[in-house]
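K.L.:
Chains as they are written, first to last, in numbering that gives the first Met the number 0: chain H, 0 to 437; chain L, 0 to 437.
I should point out that these hints are in silico values taken from the structure, not numbers from a laboratory.
There could be a bad hint or two in this list.
In this list, chains with the same sequence are indistinguishable; a pair is considered to hold if it fits within one copy or across any two.
Claimed, not checked - List time: in silico DSBU-like cross-link candidates among lysine-lysine, alpha-carbon distance up to 30 angstroms: (1) 183 <-> 173; (2) 173 <-> 156; (3) 432 <-> 410; (4) 324 <-> 81; (5) 156 <-> 183; (6) 81 <-> 410; (7) 356 <-> 96; (8) 183 <-> 356; (9) 60 <-> 410.
Remember, predicted model here, so these are calculated numbers, not experimental data.
Number of protein chains: 2
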Amino acid sequence: MIVDVATRAYNHTFKVDPIVRTLLDTDFYKLLMQQMSHTLHRDLKVTFQLINRAHDLPLAKIIDRRDLEEQLDHARSLRFQKNEIIWLAGNTFYGTKQIFRPDFIAWLEDFRLPDYELRVVEDQFELRFSGTWAEATAWEIPALAIMSELKARAVLKTMSRFEIDVLYARAKAKLWAKIERLRKLEAEATLRVGDFGTRRRHGFLWQRWCIEAMMEGIGDSFTGTSNVKHAMDLGLEALGTNAHELPMVYAALAPDDAALREAPYEVLRDWASFYSGNLRIILPDAFGTTEFLERAPEEFADWTGLRPDSKEPVEAVEEYITWLKARGRDPLGKVAILSDGMDIDSIEHCVRYFRGKIGSVPIGWGTHLTNDFRGCIPNGDETLLRATSLVCKVIEAGGRPAVKLSDNPTKATGPQSEIDRYRRVFGTRGMVKQEVLV
Amino acid sequence: MIVDVATRAYNHTFKVDPIVRTLLDTDFYKLLMQQMSHTLHRDLKVTFQLINRAHDLPLAKIIDRRDLEEQLDHARSLRFQKNEIIWLAGNTFYGTKQIFRPDFIAWLEDFRLPDYELRVVEDQFELRFSGTWAEATAWEIPALAIMSELKARAVLKTMSRFEIDVLYARAKAKLWAKIERLRKLEAEATLRVGDFGTRRRHGFLWQRWCIEAMMEGIGDSFTGTSNVKHAMDLGLEALGTNAHELPMVYAALAPDDAALREAPYEVLRDWASFYSGNLRIILPDAFGTTEFLERAPEEFADWTGLRPDSKEPVEAVEEYITWLKARGRDPLGKVAILSDGMDIDSIEHCVRYFRGKIGSVPIGWGTHLTNDFRGCIPNGDETLLRATSLVCKVIEAGGRPAVKLSDNPTKATGPQSEIDRYRRVFGTRGMVKQEVLV
Chain H
0 MIVDVATRAY
10 NHTFKVDPIV
20 RTLLDTDFYK
30 LLMQQMSHTL
40 HRDLKVTFQL
50 INRAHDLPLA
60 KIIDRRDLEE
70 QLDHARSLRF
80 QKNEIIWLAG
90 NTFYGTKQIF
100 RPDFIAWLED
110 FRLPDYELRV
120 VEDQFELRFS
130 GTWAEATAWE
140 IPALAIMSEL
150 KARAVLKTMS
160 RFEIDVLYAR
170 AKAKLWAKIE
180 RLRKLEAEAT
190 LRVGDFGTRR
200 RHGFLWQRWC
210 IEAMMEGIGD
220 SFTGTSNVKH
230 AMDLGLEALG
240 TNAHELPMVY
250 AALAPDDAAL
260 REAPYEVLRD
270 WASFYSGNLR
280 IILPDAFGTT
290 EFLERAPEEF
300 ADWTGLRPDS
310 KEPVEAVEEY
320 ITWLKARGRD
330 PLGKVAILSD
340 GMDIDSIEHC
350 VRYFRGKIGS
360 VPIGWGTHLT
370 NDFRGCIPNG
380 DETLLRATSL
390 VCKVIEAGGR
400 PAVKLSDNPT
410 KATGPQSEID
420 RYRRVFGTRG
430 MVKQEVLV
Chain L
0 MIVDVATRAY
10 NHTFKVDPIV
20 RTLLDTDFYK
30 LLMQQMSHTL
40 HRDLKVTFQL
50 INRAHDLPLA
60 KIIDRRDLEE
70 QLDHARSLRF
80 QKNEIIWLAG
90 NTFYGTKQIF
100 RPDFIAWLED
110 FRLPDYELRV
120 VEDQFELRFS
130 GTWAEATAWE
140 IPALAIMSEL
150 KARAVLKTMS
160 RFEIDVLYAR
170 AKAKLWAKIE
180 RLRKLEAEAT
190 LRVGDFGTRR
200 RHGFLWQRWC
210 IEAMMEGIGD
220 SFTGTSNVKH
230 AMDLGLEALG
240 TNAHELPMVY
250 AALAPDDAAL
260 REAPYEVLRD
270 WASFYSGNLR
280 IILPDAFGTT
290 EFLERAPEEF
300 ADWTGLRPDS
310 KEPVEAVEEY
320 ITWLKARGRD
330 PLGKVAILSD
340 GMDIDSIEHC
350 VRYFRGKIGS
360 VPIGWGTHLT
370 NDFRGCIPNG
380 DETLLRATSL
390 VCKVIEAGGR
400 PAVKLSDNPT
410 KATGPQSEID
420 RYRRVFGTRG
430 MVKQEVLV
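Next comes chain H alone, as it looks inside the complex:
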């Protein structure tokens, strides 16, 4: 047995074990949105805030504040590397060459994450990021991934080497059992599954293992990953479209109720001035899917597809299909991306259910792909290893509060008076309370 002394010494003495090692370790949709906000709203100041929706989980007691600061500081020290910039500029994304404009690429070259504000309030971290929209938004994924992995590390620290060995063995066996079900599924229906699991992942290396497992297991049915770094390293498609921050910021900036009502469509028109084809995906639920569709101008029926989020997926996609048919569009030419808390059961159900009903239902498989350790801890309490409902949302834009209603009132965010106003302006039809799992 040859022991590599240098490696061993390094393993026992290094100072920081960084969670985020490159600015590319983020979700692809951030870059798409940053290009738009950088170009159209260069000076707009916004604030993002990280929120733990699981109030019973005292994160500030589990994670050492200094460890968190160390990781956040390390992320702030990062710049895009030369080879990363070249890849972003030269690679083809969603079939489009040079999707990022030279002006945006030049901005990325100098980019660094803006400062953060950290406070501890009632055993929870209050973590805020302010800056221009394109700057502050860049914190979402690294901040979530850091918090998620620090929580996992806090649990691993209490375990013996052997227990950790069993833990990962079980988690691997568990994922592979899901993949075997996907292999059966792809034999009976078109399957398209991508990794959307960066933000609430167990850890960077574990996410990579999960991606490699999917590549090995389902081959071409695996469509890629939302994680830009993994996409580059593994030669995969980088996946992602747009997020709630777009309509939320546009809504916050609306000068009156009439403008507010138009904001969700306004933002999509701006989006369409940047992106086409499979990037023209509607995220309809920021202020309620039912009302959004009902009031949507005809042009949006020509968009490629829909990504329902906070509504039960079968119901949301059925609603979309009905809406398309009423506007004379063939659902078989459309796409519905399912990415809200999907796991193997719901994947099987939805893929089977929508066969022949809509063009395709690509799955964005997130937390239950990259952080499913339920039942894997050898001894004792597994609560802390569970994925947590952490989110990082825009809370302010141009000095005005940002609001989200969602199809699930439990997920509404913003000051109550503004929530009430938004509900008045948009209506509340089609909203249903549901428990939030991840």
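Take the given structure of chain H and dock chain L to it, following the hints.
P.N.:
Same frame as chain H, now just chain L:
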């Protein structure tokens, strides 16, 4: 990421990856038996033969003959190391200091495995070892372990790095699930389980992992290992008593039928001149348990216990209990070691069943501890990874054929005419045909 170039280069260029790296990588009972045969039958020539009881598995097609020879030659190049000899001489085994006499220790110092004869007959290896009894017997465990691991390696060679990763993850998860059942079992009954899995193990390192899993999982309920090397390295008790070769050789040497009938008792008397206490364990089934017990002289009711082998364990131990009671001995002061093809279901069943009926039922957990990969291969055929019914048995002693009847006629070995003669001499009551799994 730091890559240790030397290790990487070594991993890609080394010539032999030895399966047996030390003569201590054998079962402890071999040393006990060798001491007896070396002392009492120093010049007796015997032949052992490795037999694949699964005739439908063409081992000579699966394993490259040169790989086998390379491994056997490597094993022949081994000598006991100084520190190993010192440990054997200085360690306490079964509560006895200096269980190995100076004369035997001196013999071990110069010991090397005798030559082997290898032929290929109808896609099977015919592998024979001849020498003095103490010499030839030493091949049993290394030869079996080499064949077993070469078979496993032949399968691993067809797998991708990723599939191998999933394979071991699943095997670890599978063993840990069994260990969790043992943890529940030890809460309701006295549990004593040891590793008896050297001969049909998946591999040396995998056996070590299984042992460490047991140490971690059930602590003091794990009694040790039959593997002398692992026992030394991990500070565990070395376990084992005696094997069928003892009565088989004594029987072969018997000059007539009357002496033959006495041989099974004769050999135990010689054993008792070397070993006491928990080493006085009767292995009753070489020529049939029922007949053995019926004819057994009174003195054997004072022995510590019984190790049934080829008979269904509950039936065999019930027979022993009835026999003890008929001789006025309290079964609660006795031990019945169960080591024939045990797995978690039969362990649970037997431990629960015999609670309060006999002193203890220590489990010798073999193949299903160290080589259970059923259901673990990610893609494709798992037949080849299944543990095989390989045995290495004495076939000749002093120029006369060696015979075993066993309680299961399927396991009988020896020339048919001698089997017929033994059946006439010993009788066949209590024998039941059963399928042989491992």
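K.L.:
Please name the hints from earlier in the document that this structure breaks, with their numbers sorted from lowest to highest.
P.N.:
4, 6 and 7
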